[in-house]
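Chemist: As a plain string of letters, each chain reads:
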Amino acid sequence: MTARIAVEGLGLSFGGVAALSGVTMAVPPAEIRGIIGPNGAGKTTLLNAICGIVPPTEGRVLLDGQPITGLKPSAIAARGLRRTFQTSALFGGLTVLENVVTGLHTGLRAGLLDGILGSRRLRAEEAEGIEKAHRVLEFVGMAGFADRRASALSFGQQRLVEIARALVSEPSVVLLDEPAVGLSLNRLSDIDRLLRRIRDERGVTLLLIEHVIRLVMEVSDSITVLAAGTVIAEGRPEQVRQDPAVVTAYLGTAVHA
Amino acid sequence: MPPAPRVAPPVNPHSAPAETEPMRRLSLLVSVAAAMLAAATLPARAQGAPGVTADSIRIGSFGPLTGPGYLYGRLVMNGVEAVFDRVNAQGGIHGRRLVLTREDDRCEPAAAIAATRKLIHQDQVFAIIGGGCSNAALAARGEIEQASVPTVIFAAVADGLTTPRAPTIVSTALTSGLEGVAQVAYAQQQGARRIAVVSMRDAWGRSRYTPLMEELKRRGITPVADEEVSPDANDATAQVLRLRQANADAVILLLYPKPGAVFLRDAAKFGYRPLVIGQSGIADPAAFEEQVGVPGATARFVTISQVRFTPESPEMAGWREAIQAKYPSDRLSVFNMFGIGSAQVLVEALRQAGPNPTREALMQALNGVTNLGTDTYGGPITCTPTDGRCNRTVVWIQKEPGGPIRIVGTTAVE
Amino acid sequence: MLSYLLLSGISTGAIYALVALGIVLVYKATGTINFAHGDQLMIAGFLAWTLHVGLGLPYLVAMAGAVAGGFVLGALAERIGFRAVLRGNLVNVVLATLGLAFVLKGVARLTWGGISDYLAFPPLVPPDPIIIGDIILLPQQLVVTAGALAVMGAFALFFRFTTMGKAMQATADNPKAARLVGIRVENIHMLAFAVGSAVAGAGAALMAPVTLLYPDIGFMLFIKGFAAAVLGGLTSLPGALLGGLAIGVVEALAGGYIDSSAIEVSAFVAIMATLILRPRGLLGGPPPRRA
Amino acid sequence: MSARPETLLTRLMPRPIWVGLVAAALLAVLAPQANSYLLFVANQLCIYVILAVGLNLLVGYTGQLAFAHAALFGIGAYGTALLKVHFGLPFIVTLPAGALLATVVGLAISLPALRLTGLYLTLATLAFAQFTLWVFLHWEGVTFGAGGFRVPRPDWLLPGLSPDVGSFALALLLAIVMTLAAASLVRSNTGRAMIAVRDGEVAAEALGIDLLRTKATAFGLSAFYAGTAGGLQALMLGYVAPESFDLFHMALMKAMIVVGGMGSIVGSVIGAGAVLFLLEGLRAFKGAQEIAFGLLLMGAVIFFPRGVAGWLQALPGWAERYLRTAPPPAPEPDAVPEEAKP
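Chains as they are written, first to last, in the numbering used here: chain X, 1 to 257; chain W, 1 to 414; chain R, 1 to 291; chain C, 1 to 342.
Take these hints with a grain of salt, some might be off.
Computed footprint of chain W on chain R; a stretch qualifies when at least three of its residues, placed anywhere within it, have a C-beta under 8 Å from a C-beta of chain W [claimed, not checked]:
hint	region
1	11-17
2	112-123
3	216-222
Some chain C residues close to chain R (C-beta under 10 Å, calculated; not the full set) [stated by the list, open to error]:
hint	residue
4	L119
5	T122
6	G299
Computed list of lysine to aspartate or glutamate pairs in EDC-like fashion (alpha-carbon distance at most 20 Å, straight line) [claimed, not checked]:
hint	chain 1	residue 1	chain 2	residue 2
7	X	K72	C	E140
8	W	K217	W	D249
9	W	K326	W	E315
10	W	K326	W	D85
11	W	K217	C	E140
12	X	K132	X	D147
Keep in mind the hints are simulated off the structure, nothing from the lab.
Just so it is clear, the structure is predicted and the values come from calculations on it, not from any experiment.
Idealized CB from N, CA, C, for every residue including glycine.
Based on the sequences and whatever the hints tell you, model everything.
Modeler: Set out below in structure tokens:
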């Protein structure tokens, strides 16, 4: 089985300081891959490098076997990779529905002239987009909020809309940066269920960064552990949990805190 | 460039008001807009000449009230207003009070066109006294010509305002061409052999630069240097060095006082002291000496005044008090004095236009102004039907460092 | 020739630097550019003129008056005008300050604009040029340069050693965090505008003999000062000084070696070129990490 | 803001487009009958509307704090007028050519602008604007320098149409068309991309929105609007001079979109009208216009940060939406928490 997304020897340094070095991992289709590690381990940096926001200085990233390193983030997104952000990144001036429709951007063919003239192609595409957006909002459980202004939502609701926006274009890979921030602990099972449904019903490969270790352990098919910019362990949740290197680097200090 | 031929507008200034339409079903916004427009299209009282009532004559003025050029607008208008006040206090003109309506043009062509149109069509003024900035006044010229409104230009100096002659426009400002002729003549008269030009490249500077260069060419003189200083410059070292290198012995200075002061200061710094010939933009040598601030730097500086007194002269005491009484934070300035002189010309013409003034009569009176003395201008004012440049007296003034201002001569340019 | 040009460039540049320092100070604490900075300087300058020339008070008193006047003006502007918008987006803040710039210009025109076209300000030091070998200097220009250096030095110390300075820095870096550790962000903002404006007041009193005073002096100085600040990287005080001097020198050299008509435009061409090559200015950090 | 129920009031309330069109129709009928001053003001209004709508696309919708709009306005005016003066081409050719010239320049400045954010962009475009003015002043062989130049105004094909009425008619037509085009555009995927770039560049990019392309589109469009307005200005005045394109005018245009409402087409139109009304209304106000103008700008930003459009949003049918939603399917009883706070 070829990896849906593979990272090979990825390295990234800012002004001589290495934030990532030699990170290698391969994630098969429809897997939830948890990425954990202490603060400053380079988790978010890794996501940024994969989706092209901060181009890596070494190594490469393959999406379905095709190298995507060096492409602009928008070009990478066009190949079916989406991400969400640690802090909510909805477009505050748009409604929830409009935010989600924006997620369809790469698939739309209407151009400037269509926009100016309000052409039939544009209207058809928009109608279809609205339809899709409603469906995906329903999927994440935000169907009643379509007409709210995005900035008027609670933090937790914003995260769900962001996930909907990432999913609407039917991507093959979604990078999730702490989707559970802002959700209370007793609601974690809901997000757990949502992530599984994304994997099972939509066949999406998820890379998941999460501070709530319990969630990662429960939902992930496998886990990669980063510390100081390098991979120190990888495997199924229970393997990782018992890995002594992980325990010293991370779990021992944080998991029971 | 001659003005473009114009097609006469179908608009009749006395057209009937727009018919009031039933507005029952229009939204509030629309009805407000319509009401405004409809009100605006109401014709003026169609009795006698526009702007003249039984007890008043409305005179319009346009020029910069705001923006960097306000000196050439607001302050000149203040002078005009002072004259009007005095006339009104003495019973007005044939029993009618003079009322001044000011419109701001911010020294901009578009705003000047709007301002003159408003004065003519909306405010319905009888005549205009105004024009502070060259480009703005040039743009307004077309509107004035089209409506044939008698107009006295009070401060803008561009030759294009009066040449070719616009039938209803006269200027009491010393036009830039006249000053250019006088500057070159003065330089030659002082024995200058190597003449240099230092100018600003804005509209004001340009309106002086072009005729000056033509005059130099006419006399077969090639300037040994031609430098620019920007209106806000704080340094003119490069220009001074270049002039010194060119060994210029006379410098014709087409600058405002600020860049002029910077230039003379930097020239003094290098001990370079050519004859420097200013123009009426630097009309107060006493203030200028202070602005330069380096002792002795203005020793060889001579400049043109359009007026024969300085604001401090005893002869100006009456106007000084009038301005200060009306505008407490102001002091009498040469700009006020421009306004005083030109308003006196207009007032005299209005008087001559008789008790039932028409625009034609006023224009005839203006064109017939001959050897009229004013309280401020350097020489008598004479307008003719063929030449609207009514002020032709260049007053040369100079201030010895530490000494009083002296009039070193007058040139009546033909 | 080169030495003359460099020297004149430096003395003009010092004027720009003096303006830029105030702009940087406000930026460091509030993250915004005060488009009214030049006009606050202009008002403070007229204030100094009124005290010194109008009322005949000693120069130092006038300068103190300009500084105090600037301080009050800046504080009022923040309290009445900018506070409401400082938390909003940058566009609104910039436009609020631009609005203030127009108000101040209009007020100055009505208040002082009828006195004369350009008000002269008697120099602090004897006006005769100093000649040392090949070097010719006007003393007042030296005063301006020294003033710029002194202001920069004072602020460097202020930011390094005083609690208030550190609080300002912290506020600019992260207003939320600053609030959390108990810094009164509003007070810091008000102080920054006040001090920035006070610096403008000091600058006005120093440079007025060189630049003269007129209602429209502010915007020209602001543009050059803004450019100097940006060239220097917006947050760096030495950068502002360097940026100011760089612009002054570029102008002088363009005037000397290209043409006097190139002076005015050289600064703008230099700014465009610099920003294309270094989008964060000369001393600005690397482009921000965008995630 | 939840969807409001459709009521009688909602249905009777005229939509912005109808109010706008009725106002435009009234203007078209009344202005030519009014005196030539009011006709001029009406013409200027149409030009300001085009300018404000174009600027709002760049600043309000795309969030680029650029200061080059007045310069682009000037490039359009100079381009249109100079082609006419130097080559004798008819306005029907030079007006689009001037607009295209402005567009090309606008696109060119968007390229470095992509690397610049916030205030750095402001300064770079400010420098560009000053540079452009310098060129107008100094390239005398072509631009006639500081003194400006006259442009012959065309005789219109229709009989009885004076240059004044003709240029007003053209300006009004273009203002309507270009406003409608912009209103349509901001509702399309292109408009959403612009808003996305404004509200979060990184997130927009991660969704596949090409920053360069979106910003270049906004710059180019905005420049096209400015250039068209410039050509119309030259046509209206019959005179072109550098003073009309300086930073004061930049501030004026910014004031229009701030007063009207950033990110609002209706707001742009109203803002253009409000600023023009203020300028003309205070024309004779003895030198206090600057103060009034400054206070208006400050007041608008401080008290009505969303401009007039902010109020209009509250009117039924006036909320500016980019997508009109189909009625949503019945919401499922919540699958996932609707409210959760840490």
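Chemist: For each hint, tell me whether it holds in the structure or not.
Modeler: Here's how the hints hold up against the structure:
1. With 3 residues having a Cβ less than 8 Å from any Cβ of chain W, the region 11-17 of chain R passes the three-residue criterion, so the hint holds.
2. Against chain W, the region 112-123 of chain R contributes 10 residues with a C-beta closer than 8 Å to a partner C-beta. That satisfies the three-residue criterion, and the hint holds.
3. Against chain W, the region 216-222 of chain R contributes 3 residues with a C-beta closer than 8 Å to a partner C-beta. That satisfies the three-residue criterion, and the hint holds.
4. Restraint check, L119 (chain C) versus chain R: the minimum CB separation of about 5 Å is within 10 Å; hint holds.
5. Given hint, T122 (chain C) at the interface with chain R, holds; its Cβ is 7 Å from that chain's nearest Cβ, closer than 10 Å.
6. Taken as an interface hint, G299 (chain C) checks out: its beta carbon lies about 8 Å from the nearest beta carbon of chain R, inside 10 Å.
7. At roughly 44 Å between alpha-carbon atoms, K72 (chain X) and E140 (chain C) are farther apart than 20 Å, so this suggested pair is violated.
8. At roughly 18 Å between alpha-carbon atoms, K217 (chain W) and D249 (chain W) fall within 20 Å of each other, so this suggested pair holds.
9. Simply put, K326 (chain W) and E315 (chain W) have alpha-carbon atoms about 19 Å apart, close enough for the 20 Å limit, and the pair holds.
10. For the proposed pair K326 (chain W) and D85 (chain W), the alpha carbon gap of about 10 Å is at most 20 Å, so the pair holds.
11. Restraint check for K217 (chain W) and E140 (chain C): satisfied, since their Cα atoms lie roughly 19 Å apart, inside the 20 Å limit.
12. In summary, the hint linking K132 (chain X) to D147 (chain X) is supported, as the alpha carbons are separated by about 15 Å, within the 20 Å threshold.
Checked against the numbered hints listed earlier, the structure breaks hint 7 alone; every other hint is satisfied.
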